[in-house]
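Chemist: Residue numbers (my numbering), protein chains in the order written: chain A, 644 to 893; chain L, 29 to 461.
Accuracy of the hints is not assured; some may be wrong.
Here are the computed lysine-lysine pairs in the BS3-like style, where the Cα-Cα straight-line distance is at most 25 Å [to be verified]:
# : chain 1 : residue 1 : chain 2 : residue 2
1 : L       : K31       : A       : K802
2 : A       : K830      : A       : K802
3 : A       : K707      : L       : K454
These are calculated hints, taken from the structure and not from any lab test.
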Amino acid sequence: MSGNPIIEIRELTKFYKGNDEPAINNISLEIFNGEIFGLLGPNGAGKTTTISILCGLFAPTSGKVNIDGLDIHSNLDQVKQIIGAVPQDVALYPTLTALENLTFYGNMYGLKGKDLRDKIMVKLSFFGLEKVAKKSISTFSGGMKRRVNLIAGLLHNPKILFLDEPTVGIDVQSRIVILDYLKEINKTGTTIIYTSHYMEEAENLCSRVAIIDRGIIISIGNPKELVSEHPEYKNLENIFIHLTGKELRD
Amino acid sequence: MFKFFAAFRKEWLILIRDIAGLIVLFLMPMIMIIILSLVQEYGWNAIAKEPKINVLFVDEDHDSLSSLIKDGLSSARIFTLITKIDSVTLTKEKARELVRQGEYQIGVVIPKNATNTMNRKVKVLVTQFISGIMMPVNNPFLEISVKDSVVVEIYFDPAVKGTFKNAFTSSMKQYSLKIESSLIFKIFNKELKRMFPQYKANEYEYKETVVFKEEFPSGDKEEIIPTSTQHNVPSWAIFAMFFIVIPLTSSIIKEREEGSLFRLYTLPVNYMTIFMSKVGVYLIVCFMQFILMVLSGMLILPLFGMPALDLGGHYTALTVMAIATSLAALGYGILIGTIARTHQQAAAFGSVSVVILTALGGLWVPIYFFTGAIKEIARFSPLNWAHKGFIDIFLRGAHVQDVMPEITKLLIFFIITMGLAGIYRKMKPPFGS
Chain A
644 MSGNPIIEIR ELTKFYKGND EPAINNISLE IFNGEIFGLL GPNGAGKTTT ISILCGLFAP
704 TSGKVNIDGL DIHSNLDQVK QIIGAVPQDV ALYPTLTALE NLTFYGNMYG LKGKDLRDKI
764 MVKLSFFGLE KVAKKSISTF SGGMKRRVNL IAGLLHNPKI LFLDEPTVGI DVQSRIVILD
824 YLKEINKTGT TIIYTSHYME EAENLCSRVA IIDRGIIISI GNPKELVSEH PEYKNLENIF
884 IHLTGKELRD
Chain L
29 MFKFFAAFRK EWLILIRDIA GLIVLFLMPM IMIIILSLVQ EYGWNAIAKE PKINVLFVDE
89 DHDSLSSLIK DGLSSARIFT LITKIDSVTL TKEKARELVR QGEYQIGVVI PKNATNTMNR
149 KVKVLVTQFI SGIMMPVNNP FLEISVKDSV VVEIYFDPAV KGTFKNAFTS SMKQYSLKIE
209 SSLIFKIFNK ELKRMFPQYK ANEYEYKETV VFKEEFPSGD KEEIIPTSTQ HNVPSWAIFA
269 MFFIVIPLTS SIIKEREEGS LFRLYTLPVN YMTIFMSKVG VYLIVCFMQF ILMVLSGMLI
329 LPLFGMPALD LGGHYTALTV MAIATSLAAL GYGILIGTIA RTHQQAAAFG SVSVVILTAL
389 GGLWVPIYFF TGAIKEIARF SPLNWAHKGF IDIFLRGAHV QDVMPEITKL LIFFIITMGL
449 AGIYRKMKPP FGS
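Chain L on its own, in the form it takes in the complex (with noise of 0.2 Å):
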């Protein structure tokens, strides 16, 4: 245990007399976080708050279509319409070269006569329904058919991406439907008042008969609400930590270079108490970044508008997946410094690898998006493991008991890379071979 500390010592030395090193493995994780989370903040959800996204709208109707289409979205408050360029009113072919170029993401064009073409067939089947109730047998009026529909034209950039092209056809879709239940609604009065003049009309107010109650059940009785912080500070604090391959795998190259480690395996000391002196060190380090890391969800997001990271409570539960996820990045990093044999092949692969497992930890994408293959290759990602326990600690309350599978795996994880380090090194030893 002395040669464990004497090693400790010295690999802390090192470590703190580097002080480039130290901003890097300090300073670096926290810009991170607060960039990539603001970058998602106003990304996809500031938008929300104030109109961000630039909408040609070509209104060839200028009908109450149109008009009711271009209320619907203004008032959805994600959107600022575009009816005009240089002060020349937009046209179809204006709106469609403008997003073929890129300058702008979506384009609508709501057609000419779209009012009347509407009104129209919903007056024609109005009337059919009405009559068919009234004369339901030999009714000519019933063999009419409208067969046009309003076509309305909407252009997506290339570029944008097909949840957000959904989430706004979905939108149009929505207040058309609204507008084609109230014209439905005032044509029915109108019918109806025409055959039955004692019959008294309704002012037509349209009000939704399924509303929806949205609830984030946890494992506390207090409703942890799922902002953004939330979901940005565990993954990229995950994604962060999983970066000390970089310079662990730097410090193993290093000693190997230096030729300190020539002497250390002439010395009587295990050069797995060495490794495990490294790993000290760094977990330390590691776990140094997370506090970092979610202090900056505490205290430095909320400066930029953003909601505050809240943990819920659950320090234990926090401190012991903390450790677990630093000792399995501390494992693959002592496994990728033994095998590698120069600084650029452990950096490569070190930081490709590490890109690839976030990815496949869905660290990005949630892995509920994933299918086949993919989804299955994904759930051996340590940072899967990671990420699973960190959102159900912050997301959904859990405990220390709740994430113990995850604990579990990240350290049979940290046990089998330290382990094939070990076995790496005995069979293919730096010297002699």
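The shape of chain A in the complex, shown without the other chains (with noise of 0.2 Å):
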């Protein structure tokens, strides 16, 4: 990969309280500009506090990240108003409509009026949802709420999109819905980092992933480079399971 990275991780390492082991232990990393980056990894590996790090969501016990050539410890407002992240859990109100829940959201980000309300309508209606804008979150099917979910970090089009497991537990139309958008709005120039344990949506998605295991990354690169480089195993999944094992992870 070549040209200026978009995100720069030097040394990070993140302890959490009354644990020994480090949840991310020394990671280094580069992701450039219009990636979409696949960091992946059993449960405990230390994908979530990797992108919350990023998001600037808490610090890192030591280490560096640079977002599009800021600091993120000092410029945090800045880099905030560059990212988008669309976090595991669905971060939406239930007892609010879509439309409510997306217009607060935007609203966040300084948008407003008209500009808004189209965007969202635009988003929505892309999504399937238009009909139901009006309609309070919790009546709505866990691939709605997805939906819904990811609108909510991209209406102020970010720069680099972070999105934690986005198609865990949906139906297969509604991946796929979400899956095609974030690959068009890739081909817009968006940068998108996401973690996932689909390896067969990585694999299709990812233009480069990183394995992580206990916190350190233990490989990196293009999928199909990945696969190549290991012919013995035919797909990433079973790279994956070769380097991460068999063993049950909570």
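Mind assembling these two chains? They're in different frames, but the hints should get you there.
Modeler: Okay, structure coming up:
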């Protein structure tokens, strides 16, 4: 990969209180502009911790992160303006309608008025939700909630989009729509960093993936290249199992 | 400011969509204020209007003393005297047993020959007094002493409150003193008539020489009568306003548990803006609660025969005081919601601490009854400041400037609690620790 890295991670380590083992251990990584970068790993590998630090949710124990040339620690407000985050949980207010939820999140990015409403309606329409725009989130199916959850992180057209398992537990149709949309916005220049347990999905979507386990990056590269480097494993999932083992994780 | 209003709108929408929550927020304080005011009214004040307390009255004397005490107790209109149970005249033992069992709260026994004993004692005292004047030296009559007193036994149910017991005993002493002085006067007349046949005896009529004029000085020209409503409404209103802690903490914790907080932390908005939007919405709720409770005092309580709440026309003082109290309650709620990890923690700590602060604040038992360290601690309860402020307005006719110390304290409390919540969030963020 060449060009300027939009995200630079240097020797990132995070210890949680009361834990002797670090959640992530001395990770260094560069993610380039326009990439769809997959962060793959079993439960407790350190994916969400990494994403959370990159989103400015909390500081690492040590190490440095630069986003779009800005040190995240000292320029958090500026960084938050250019990133979008789609958390693993459906971070929506259940008693509010889809429109009200999205208006609120749009307002938090400084978007307002007709411009915001148009943006919301275009995105709802793309995701097949325009007819339920005025229905409360509590009446939505899991897939519908996930789609609104995704839109909430996209309204301000972020330069970088972080997605923490955006397709977990949803129907195939919703998954296809979400992945198609991600490919679409990536074409227009949005860098996407996402975590997933679905290896096939990552193999098809990502330009590069990093396999992380016990807080350490154990493999990184283009998924197809990784497969061709290990022809005996045939696909990314087998490589993943080979690298992380069959032991159950909690 | 735009983000504040957007967050305010979101918070407002969440609140008004929760119909059950709204009913609890507005209806419960109204019900509480009506029920508690009625309970207090009927428990303490209404007993003066119609006989309510049954007193077991055992008359072993069957003479003028017992008859006078009986009349005295009956005329007080607080008591209903019971002399028979199941058509059987009460005995001392039966009365004692019934009070011990808690079926009755008070029993009075006027002993056998009480009138005779009293007459004899008074007669000796009067005679000694008169003969002492006539023959002060070597008067053998002066050596006679009457040791026996009339012992009226009063049984109290152990569950009866001390204040009530003291009030009853005082009333009994008052009746017996009246009777005794009346008797002394009669015997004096009789003895003087015997000694000086030309003396013309006066008919005795007991008249109190000292009368009490009760007044309730207030800051207004017009006196505000301290009815139970004037006392109860502000007390219970403050109590209910501080219970805003529960829905407010619930809103904060819900946001955390549902995952919205994660996203909020990734947004380019200061979390204090989100906090303040909650304060804004719940301030309106708290203020509306106060208005509803005041209206209940003015319009609903009179329907139950209670006196109507008199605002005394000090609307500005009341408004400022209500806002300051609401802010203090909200600051406390924000602090608890920030520190508590679960709904259970917040609900348990929030409600119990409000009850403790209420008790300490003198809302249930007036602070002037407190002694020692508790009295000092009570001065630091925000509910005490609020209570003092409201009582000053409702009962002493205070204006804004008069309650400014209480308003200032409440506002400082709000600033401190909000500051502590902010510091806690900074030191112990909800994520990554």
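Chemist: Assess, step by step, whether the Cα of K31(L) is no farther than 25 Å from the Cα of K802(A), and give holds or violated.
Modeler: Roughly 22 Å separates the two Cα atoms, so the pair holds.
Chemist: Does the structure keep K830(A) and K802(A) at a Cα separation of 25 Å or less?
Modeler: Distance of about 12 Å is within 25 Å: holds.
Chemist: Run the distance test for K707(A) versus K454(L): straight-line Cα separation, threshold 25 Å.
Modeler: 20 Å, holds
The earlier numbered hints are all upheld by this structure, with none contradicted.
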